[in-house]
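J.: In order, the protein sequences belong to chains A and B.
Just so you know, we're using the working numbering here: the first sequence kicks off at 71 and counts up by one.
Just so you know, we're using the working numbering here: the second sequence kicks off at 51 and counts up by one.
Heads up, some of the hints might be wrong.
Which chain B residues stay away from chain A? Per the calculated CB distances, all over 10 Å, these [claimed, not checked]:
| id | residue |
| --- | --- |
| 1 | F114 |
| 2 | F119 |
| 3 | A142 |
| 4 | I163 |
Only pairs whose alpha carbons sit at most 20 Å apart, straight line, appear in this in silico EDC-like list of lysine to aspartate or glutamate [unchecked claim]:
| id | chain 1 | residue 1 | chain 2 | residue 2 |
| --- | --- | --- | --- | --- |
| 5 | A | K119 | B | D79 |
| 6 | A | K119 | A | D155 |
| 7 | A | K119 | B | E112 |
Everything labelled a hint here was simulated from the structure, so no lab data went into it.
We put the beta carbon where it would ideally sit given N, CA and C, even for glycine.
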Amino acid sequence: AQSVTQLGSHVSVSEGALVLLRCNYSSSVPPYLFWYVQYPNQGLQLLLKYTSAATLVKGINGFEAEFKKSETSFHLTKPSAHMSDAAEYFCAVSDRIQGAQKLVFGQGTRLTINP
Amino acid sequence: DSGVTQTPKHLITATGQRVTLRCSPRSGDLSVYWYQQSLDQGLQFLIQYYNGEERAKGNILERFSAQQFPDLHSELNLSSLELGDSALYFCASSEGQGGYQPQHFGDGTRLSIL
Chain A
71 AQSVTQLGSH VSVSEGALVL LRCNYSSSVP PYLFWYVQYP NQGLQLLLKY TSAATLVKGI
131 NGFEAEFKKS ETSFHLTKPS AHMSDAAEYF CAVSDRIQGA QKLVFGQGTR LTINP
Chain B
51 DSGVTQTPKH LITATGQRVT LRCSPRSGDL SVYWYQQSLD QGLQFLIQYY NGEERAKGNI
111 LERFSAQQFP DLHSELNLSS LELGDSALYF CASSEGQGGY QPQHFGDGTR LSIL
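So here's chain A without its partners, still in its complex pose (with noise of 0.2 Å):
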């Protein structure tokens, strides 16, 4: 089975830093990555989507991620933090089940920005 692990469960940057989120996952088989964000009193959003296409994943908001095999990484950054990326970010993978598809998720990783 798939799984991911996202490094930090807080991570506090200032507005205008750089913001670098970890995810490494574990996949017996090439895997389809996602980022999503989570609002407060709100749903998931995809902030972007690695699917075996270029390695390099620029997604909304300003976000990217790149995808490196031979560290089992997708980590998530973003150059400048705005005040508004206050949220909880998830990373996640899809793994084969009973002939479908679920999604497995990391435990999520809170971003605080200071300004």
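For this one, chain A is given, so just place chain B on it according to the hints.
T.: Quick look at chain B alone, frame taken from chain A:
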């Protein structure tokens, strides 16, 4: 707006009761997924339907059941509720069943058991 609609947004009930959560997928999506989000377990997959048929089951309790109707909306039924069932329940939908297809989530139903 993801296009996935969940009702109700909040539900407060007592132990032993039964509730029904409803989900309308995005227009054109045939797959519906249910997930449970709790502080101790995180986001856990419960069950998936594709075009009206159950396709996969995850960590879903026997007290829970779901179905997808011909108009593709789905309902999650939770019975004999226990305090530990308090959680946020999400519905997601996707166009098909491919793992490369992203799932789009609703805003969830927050269930509180008193």
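J.: All hints, please: hold or fail.
T.: Hint by hint, here is what the structure shows:
1. Annotated as non-interface, F114(B) keeps its C-beta farther than 10 Å from every C-beta of chain A; the closest such distance is 16 Å.
2. Taking the minimum C-beta to C-beta distance to chain A, about 19 Å, the non-interface status of F119(B) holds against the 10 Å cut.
3. Residue placement check: A142(B) does not keep its beta carbon more than 10 Å from all beta carbons of chain A (closest about 8 Å).
4. Separation of I163(B) from chain A is adequate, the least Cβ-Cβ distance of about 19 Å exceeding the 10 Å criterion.
5. In summary, the hint linking K119(A) to D79(B) is supported, as the alpha carbons are separated by about 18 Å, within the 20 Å threshold.
6. Restraint check: the Cα-Cα separation between K119(A) and D155(A) comes to about 18 Å, which is no more than 20 Å; the hinted pair holds.
7. A distance of roughly 33 Å separates the Cα atoms of K119(A) and E112(B); the hinted pair therefore is violated under the 20 Å criterion.
In summary, the numbered hints that this structure violates are 3 and 7.
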